[in-house]
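Those sequence lines, one after another, are chains A, B, C, D and E. Be aware that the first sequence starts at 1, since it is given in the UniProt record's numbering, and climbs by one per residue. Be aware that the second sequence starts at 1, since it is given in the UniProt record's numbering, and climbs by one per residue. Be aware that the third sequence starts at 1, since it is given in the UniProt record's numbering, and climbs by one per residue. Be aware that the fourth sequence starts at 1, since it is given in the UniProt record's numbering, and climbs by one per residue. Be aware that the fifth sequence starts at 1, since it is given in the UniProt record's numbering, and climbs by one per residue.
Hint data in this document are derived by calculation from the structure and do not stem from the laboratory. Careful, some of the hints might be misleading.
Since copy identity is lost for identical chains, a pair holds within one copy or between any two.
Distance condition first, Cα-Cα at most 27 Å in a straight line; then the derived DSS-like pairs of lysine-lysine [what the hints assert, rightly or not]:
| no. | residue 1 | residue 2 |
| --- | --- | --- |
| 1 | K91 | K75 |
| 2 | K206 | K153 |
| 3 | K206 | K91 |
| 4 | K21 | K127 |
Chain by chain, the residues run as shown.
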Amino acid sequence: MDPSGVCQPLNMGGKAFVFPKESENSFVILTAQPTKPLKAFTVCLRVYTDLTRDYSLFSYATKTQDNEILLFMGKTGMYSVSVGGADVFFKPPESSAPTHYCATWESSSGIVELWVDGKPMVRKSLKRGHSLGAEASIILGQEQDAYTGGFDKNQSLVGDIGDVNMWDHVLSLEEISTVYAGGTFSPNVLNWRALRYQMSGEVFVKRQLWP
Amino acid sequence: MDPSGVCQPLNMGGKAFVFPKESENSFVILTAQPTKPLKAFTVCLRVYTDLTRDYSLFSYATKTQDNEILLFMGKTGMYSVSVGGADVFFKPPESSAPTHYCATWESSSGIVELWVDGKPMVRKSLKRGHSLGAEASIILGQEQDAYTGGFDKNQSLVGDIGDVNMWDHVLSLEEISTVYAGGTFSPNVLNWRALRYQMSGEVFVKRQLWP
Amino acid sequence: MDPSGVCQPLNMGGKAFVFPKESENSFVILTAQPTKPLKAFTVCLRVYTDLTRDYSLFSYATKTQDNEILLFMGKTGMYSVSVGGADVFFKPPESSAPTHYCATWESSSGIVELWVDGKPMVRKSLKRGHSLGAEASIILGQEQDAYTGGFDKNQSLVGDIGDVNMWDHVLSLEEISTVYAGGTFSPNVLNWRALRYQMSGEVFVKRQLWP
Amino acid sequence: MDPSGVCQPLNMGGKAFVFPKESENSFVILTAQPTKPLKAFTVCLRVYTDLTRDYSLFSYATKTQDNEILLFMGKTGMYSVSVGGADVFFKPPESSAPTHYCATWESSSGIVELWVDGKPMVRKSLKRGHSLGAEASIILGQEQDAYTGGFDKNQSLVGDIGDVNMWDHVLSLEEISTVYAGGTFSPNVLNWRALRYQMSGEVFVKRQLWP
Amino acid sequence: MDPSGVCQPLNMGGKAFVFPKESENSFVILTAQPTKPLKAFTVCLRVYTDLTRDYSLFSYATKTQDNEILLFMGKTGMYSVSVGGADVFFKPPESSAPTHYCATWESSSGIVELWVDGKPMVRKSLKRGHSLGAEASIILGQEQDAYTGGFDKNQSLVGDIGDVNMWDHVLSLEEISTVYAGGTFSPNVLNWRALRYQMSGEVFVKRQLWP
Ligand SMILES: [Ca+2]
Ligand SMILES: [Ca+2]
Ligand SMILES: [Ca+2]
Ligand SMILES: [Ca+2]
Ligand SMILES: [Ca+2]
Ligand SMILES: [Ca+2]
Ligand SMILES: [Ca+2]
Ligand SMILES: [Ca+2]
Ligand SMILES: [Ca+2]
Ligand SMILES: [Ca+2]
Ligand SMILES: [Zn+2]
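Please model the entire structure based on the sequences and the hints provided.
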C-alpha cells in the first residue's frame with residue numbers, strides 16, 4: 001500500500017468503516033486536501049464501539065510527532081485530545097450508543113474544545129502558539145507511534161466509525177450543532193462526502209447503523 | 001415423533017410457544033423451506049423469560065456441526081451468536097420485558113449483526129467465507145449438542161417464544177425496524193405465518209403476552 | 001361469627017377493607033357464588049401495604065387443602081401462586097404504590113399467569129389436570145393453615161385491599177387490561193359490586209385511597 | 001410572651017415562617033379557634049428543610065399530654081404521627097424539595113392517614129375512642145415536652161414552614177387534593193389566611209420559596 | 001496592573017471569561033459602581049467547570065476582611081456563602097452542566113438565600129446587622145486571602161464564568177426566575193452588559209458555551 005498514492009474521492013454519506021475484529025494491521029488511511037501548516041482545526045466524527053479498553057479515534061501523525069493530533073479514549077473513560085504531543089483530558093458521560101465527537105483547537109489561545117453528542121465539555125488549553133505540521137499521515141482504526149506505523153492492537157478500534165470531517169478553523173456553536181444534527185459545512189481538510197482513502201486489512205464499508 | 005415428517009403450515013400470528021417448566025425433553029422442531037446452502041441469513045424472534053441462567057433461543061444444527069447457527073444467552077448477560085461453531089459475544093442492555101432479537105450474518109465479510117428491540121449492537125465478525133449446511137435440525141426450547149438431540153435441561157428455555165422468522169439474506173435497517181414494529185417481509189426460510197412445526201413434551205400454543 | 005351464615009350482597013365500589021394493625025384475628029370471610037368444582041380461575045385484587053415481611057393476599061382453603069388457592073408475597077419480594085398445595089414463583093418489580101394483581105390458572109395445561117399492574121409476568125405451570133374443591137373458605141387479611149383457621153399474625157395483611165373479583169375461567173389479555181383500568185366483566189365467583197362478606201376483628205370499610 | 005394573649009388574625013397567604021438557625025428558643029405559638037374536645041382532625045402544612053436529624057413539624061400539647069398531637073420526622077427518614085401519646089410510623093419517599101403533609105385521625109376507628117405531596121401512605125391506627133384535649137399549646141419550630149416548654153434544640157426546625165391549616169374532621173380525598181394544589185376549605189381550627197400567632201426568638205415572616 | 005485604574009465598560013452579553021488552566025495568577029478584577037456600604041445584596045453568575053476540588057466563584061474582599069463576600073464550592077460538594085467572614089453551607093444537587101447561582105443576603109434578618117438553576121435552597125442566616133465594606137476588590141478566578149492577593153492555585157477556577165451581575169438589594173422570586181431565564185434587571189453594582197474589568201494572566205473572553 002502506498003499512502004501517498006492518489007485516489008478518487010468517494011461519497012461516504014450514509015456509510016461507515018467497520019472494523020469487526022481486533023487487529024494490529026487493519027486501518028484506513030485518509031488523504032487530506034493540500035494544506036499549509038494549520039493554526040487551528042475542528043475534527044468531527046461518529047464512533048460506535050463496545051470496547052472497554054483504550055482505543056484511538058483519530059490519529060494524525062507527522063514525521064517528527066506521532067501525536068500531532070490524537071483523539072483517544074482512555075481505559076478509565078477519560079477522553080484525551082493531544083496536540084503537538086501534549087494532552088488534555090475530558091470526562092464525557094458514559095454512553096453505549098453511537099457517539100458523536102467534535103474536537104477544536106486554536107493556536108492563539110491554545111484552547112481545546114470537546115463536544116460530545118452536541119454538548120460542550122469544559123474547555124482546556126495546550127500548545128499555545130504551536131503550528132500543526134502539514135505533511136501528515138491520518139489513520140482511522142489504529143494509533144500511530146510512528147509515521148504510518150507503530151500500531152498496537154490494544155489501541156485499535158473495534159466497531160464502526162463514520163461522518164469524519166475536518167476543517168482548518170474552529171467551528172461556531174451553531175455550526176457544531178448543525179454538524180451533530182447531520183448537516184454539513186463544506187469541510188476543507190477532510191470531507192466525508194468526497195473522501196480520499198485507502199483501506200488495509202479487515203475493514204469494510206457498510207451502511208451506517210445510526211440514523 | 002418423526003422430525004422429517006411432513007406437516008401442514010399453520011398461521012401462528014398472535015400466538016406463542018409456551019414452555020412453562022424446565023425440562024430436557026420439551027421442544028419444538030421447525031421445518032425450513034427447501035433451501036440450498038446459505039451464504040447469509042437473518043433470524044428474528046421474540047422471547048419472554050425470567051431465567052437467570054444460560055438458555056438457548058434458536059438452535060440450528062447440522063449432522064456435522066451442532067452449533068451451525070446458535071443464538072444463546074449466557075449466564076452473565078452476555079449474548080452469543082455462533083456460526084459454524086465459532087462464537088461472537090454481545091452485551092445487550094438487561095431487560096425484564098419481552099425482548100425482540102434479530103441476528104444477521106453474511107459470508108462475504110463474516111460480519112454478524114445483533115439487533116435488540118430494534119437497536120443495533122456493535123458489529124463483530126466470524127467464519128468469513130463459510131457456507132451454512134442446508135440439511136438442518138432447527139429447534140426451539142432446547143440447545144442441541146447433536147443433530148436433534150444432546151439436550152441439557154440447564155440450557156432449556158422456560159418462558160414464551162414467538163414471531164420466529166428467517167431469511168436467506170441480510171435485512172436492511174429499514175426492514176429490521178419494520179419487523180421489530182410487527183411488520184413482515186415474506187421470510188423465505190422460516191415463516192411464522194405459515195409455520196411447519198412439531199411439538200414434543202410440555203409445550204403449548206397460547207395467545208401472545210406482548211402487544 | 002358464622003362463616004356459613006347468609007348475608008346480603010353489598011356494592012363495595014370505591015371502597016376498601018382496611019386492616020390498620022397487625023393481628024391474628026382480624027379478617028374478612030367472603031362467600032362465593034354456589035359453584036361446582038373449578039377447572040380454571042382468574043382472581044383480581046388491589047393491595048396497598050408497606051409490609052416488608054410475608055403476607056397473604058388471597059387465601060382459599062378447602063377442608064382437605066389449606067392452600068387450594070393462595071396468593072402470597074414472600075419476604076424476599078418473590079410472589080407465589082399456589083394451587084392444590086403446589087407453588088410457582090414470580091418476581092414482580094418492587095412497588096411502594098397500591099398494586100393490582102390478577103392470577104389465572106387452567107387445569108388443561110396447568111399454566112398460571114400473574115399480571116401485576118396490567119403487565120404479564122413470565123408464565124409457569126402446576127397441577128395440570130387438577131380440579132379445585134368447591135366448598136371453600138375464602139379469607140382476606142389472614143393466611144389459612146386450616147379451614148377458616150390456623151392464622152399466623154406474621155402472615156397477616158396490614159393495609160388496604162379492594163376490587164376483589166373472581167371468575168371461573170381465564171380472562172383474555174383485553175379483559176385483564178379492562179379490569180386493571182377499572183372496568184368490570186360480571187365476575188361469577190366473587191363480585192366486588194355485589195359482595196357477600198363478614199368482617200371479624202379490627203377491620204374497617206373505608207373509601208379507597210387509589211383513584 | 002403571653003401565649004394566652006389575644007392577637008389579631010393575619011392573612012399569611014404567600015408567606016412562610018422562616019427559622020434560619022438552630023435554637024431552643026425560636027418558635028411560633030398558634031391560637032386555635034375556641035374548640036370543644038376533638039374526636040377527629042386534619043392538619044396540613046408545607047415544610048422546606050435540609051435537616052438530616054430529627055425535627056418537629058407540628059406540636060400540639062395539653063397540660064397532661066405533651067404529645068397530644070405530634071407530627072415528627074425521625075432521623076432515619078421514618079415519619080411519625082402521635083395522638084394522645086401513642087405513635088404510628090410511616091416511610092415517605094425522601095425529598096429534598098418543599099414537602100406538603102396532611103395528617104388525619106378519627107376516634108371512631110383510630111385510623112391515621114398521612115398524605116405526602118398529595119399521595120396517601122398506608123393507613124395505620126391508634127387511640128381508638130380517644131378525645132383530644134381542647135386547651136392546647138400549639139407550637140411550630142420546637143417540640144414540646146411540657147405545655148409551651150420542654151424544648152430541645154436537637155428537635156427544632158431549621159427552614160421554612162407555611163400553609164398550616166387544621167380542621168376538626170377528616171378531609172375527603174378530593175379535599176386533600178385541593179388543599180395540596182393550593183385550594184382552601186375554610187379550616188375551622190387553624191386558618192393560615194386568618195392566623196392568630198405570636199413569634200418568639202429568631203423567626204421571620206418571609207415570602208414563600210414555593211410556588 | 002492597577003486595579004483602581006479606570007476602564008471603559010464593555011457589553012459582555014453572549015461572552016464568558018475562560019480560565020483554561022489551573023494557576024495562581026490568572027484572574028479578572030471587576031470594578032463596581034461607586035457604592036455606599038451595602039446592607040443587602042444579590043449576586044448572580046453562571047459557572048461551567050469539571051473541577052472536583054475546592055474553588056472560588058466570587059471573591060469580594062475589603063482591606064480588613066478578605067471574605068467580606070465569598071461564594072465558594074467546597075470539595076465535598078457543599079457550597080458556602082460567606083459574609084463578613086462568617087459562613088453558611090448549602091448542599092445543591094450535583095451537576096456536570098453549566099450552573100446558574102444567585103446568592104442573596106440582607107442585614108435586617110441576616111437571611112442568606114442560594115438559588116441554584118432557579119431553585120431555592122433552604123434559607124440560612126448570618127451577620128445580622130452587618131454592613132458590607134464599600135471599597136472592595138472583586139475577583140473572579142482566584143480566592144483572595146488578602147486585598148487583591150493571597151491567591152492559592154488549589155482554590156482557583158478552571159473553566160468558564162459569565163453572566164455576573166450584582167444588585168444592592170434582594171431580588172424577588174420573580175426577578176430571580178427572570179435572571180435565570182436570561183432576562184435582566186438593570187443591576188446596579190455589577191452589570192455584565194456594561195462591565196468594567198481587567199484581565200491578568202491566562203484568561204480569555206470567548207463565546208459562551210451555554211445557550
Ligand atoms: Ca502515538
Ligand atoms: Ca501507541
Ligand atoms: Ca450445542
Ligand atoms: Ca449444550
Ligand atoms: Ca396455608
Ligand atoms: Ca400459614
Ligand atoms: Ca414531646
Ligand atoms: Ca422533646
Ligand atoms: Ca479568603
Ligand atoms: Ca484562600
Ligand atoms: Zn460586621
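- Hints that the structure is at odds with (numbers, increasing): none
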